[in-house]
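A.B. asks: As a plain string of letters, each chain reads:
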Amino acid sequence: MATVATAKPENKLRLLLLEEKGAGQDPTVWEMEYDGQTLPGDPRHSPEKLHEWLAAKKIGPAELHPRARAEMARKLEELARSNHDLEQFAYIASHDLREPLRMVATYTQLLAERYRGKLDKNSDQYIHYASDGALRMQALIQDLLAMSRVNSENVPDQSVDGNGVMAEVLRDLETAIRESNAVVQCGKLPVIRANRANLLQLFQNLISNAIKFRGKEAPKVSITAVPAGPLWQFSVSDDGIGIARESHEAIFAIFQRLHTRTEYPGNGLGLAICRKVVESYGGKIWVESRPGSGSTFNFTLPAQEAQAS
Amino acid sequence: MSEPPEIQPREILVVDDNPADVTLVRESLAETVYQSHVHSTSDANHALEYLHQRGKYRTTVRPDLVILDLNLAERNGHKVLSLMKSDAELRQIPVVAFSSSGSAADIARSYEAGANCCVTKPADLKRFFSAVRAIEEFWFGYAVLPRRESNDRPTYTHSAD
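Residue numbers (this note's numbering), protein chains in the order written: chain A, 1 to 309; chain B, 1001 to 1161.
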């Protein structure tokens, strides 16, 4: 359906919104005219391609047909708003769930403490199931909150020393490291511009995964960072159970788990949070791994702008 | 180790609209050496009546410590806090802001309004118990509180709620 641009102001780029396809496909197909001529080359572009194309041709928004411009602005605004609403919803839902859940968790614990062995023989088990479920749900809600906070807190980025972040993460994971006899080696890490809480979460999730999915031996984990153009590439490597090729993408999806809860505890949010953090800085995260040969999680983050030192 | 000196029980007022939390606070303090008397009110108006010893609280004893849930209905916990801290007498009573969660802004605001400390209600029973016991231990075992007027001595003839 043609929805845009009927008037023909001279020397203005006309942008025609031709059709909107179904879900899963490029939502929008654009066709362009300039000076009454259909532009050469592929006339159909996704909005992203169109933006790239316009930038490459140095055609600024002022040159766009006013109605096309309004349409683009409206779509962008709509997208930002629905994103924001969704984040708000996730935050409020998880935040407000915590309070009633705290009641369930504390009172099942109180029941367990006061009445252990005093009721009939099934009761201890039933109370344990209830209490365990409440604890798991608390962990889940905490992770959902962490996830919804990645973008929403509007904390300005600051210079964060990767080494300091790592020291704090290792302190937080001290129990897990001690109990698994893990050896964690950390190279020198750069200073980057980011939100410190986000970075803590990112490293903590990756390192605790490296320890959790260990093989039979005490786990060895190493963390390194190398410059890669305008980015830093960080790697967290382990010698754990590894991941089959077909799951290399899926593990980053929310609630995606490859193991049962009895094999490895967890709620399937850790790597989804990592991906959200990395992508919020325009970086990428990926894994290199084979079953039985350990895993290396790589991610990129923008380097701190050059500073006189 | 010598015997601890005989402890004069102190008065704690818990202001919380969740009876389950009031129960948890009572349970936490049920068997401590301080034998504090725990009273409770569930809204801001009753809390203020209690603190001013007005209405049905005329014969109560002014508390030595207030444990205040800031998330009372309509944010009235903050109201209780600021009214207490702007009152020449009531401001001497230490107030522990005790809420299930607080944004950084809420916490900053509580300290600005004069909260003596902010403690988040732990979601785990054992940690909840130890947090409340630590509050009691600190304020009654270590901190030195203003001397109570003699006519303010507890008589324990009346226990509110």
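Quick caveat, the hints were computed from the structure, so don't treat them as lab data. Nothing here was measured: the structure is a model prediction, and the numbers come from that model. Where hints are given, some of them may not hold.
Sample of chain A residues at the chain B side, in silico, Cβ under 7 Å [unchecked claim]: (1) E99; (2) L110; (3) R136; (4) Q138; (5) A139.
In this text, a Cβ means the ideal position worked out from N, Cα and C, and glycines have one as well.
A.B. asks: Now tell me, hint by hint, if it's right for this structure.
C.D. replies: Here is what the structure says about each hint:
1. The beta carbon of E99 of chain A comes within 5 Å of a beta carbon in chain B, closer than 7 Å, and the hint placing it at the interface holds.
2. Interface restraint check for L110 of chain A: the shortest CB-CB distance to chain B comes to about 6 Å, inside 7 Å, so the restraint holds.
3. At about 13 Å, the closest approach between the beta carbon of R136 of chain A and any beta carbon in chain B exceeds 7 Å, and the interface hint on this residue is violated.
4. Of the supplied interface hints, the one on Q138 of chain A holds, with its beta-carbon coming within about 6 Å of a beta-carbon of chain B, less than 7 Å.
5. Below 7 Å, beta-carbon pairs count as interface contacts, and A139 of chain A has none with chain B, the closest being about 10 Å; its hint is therefore violated.
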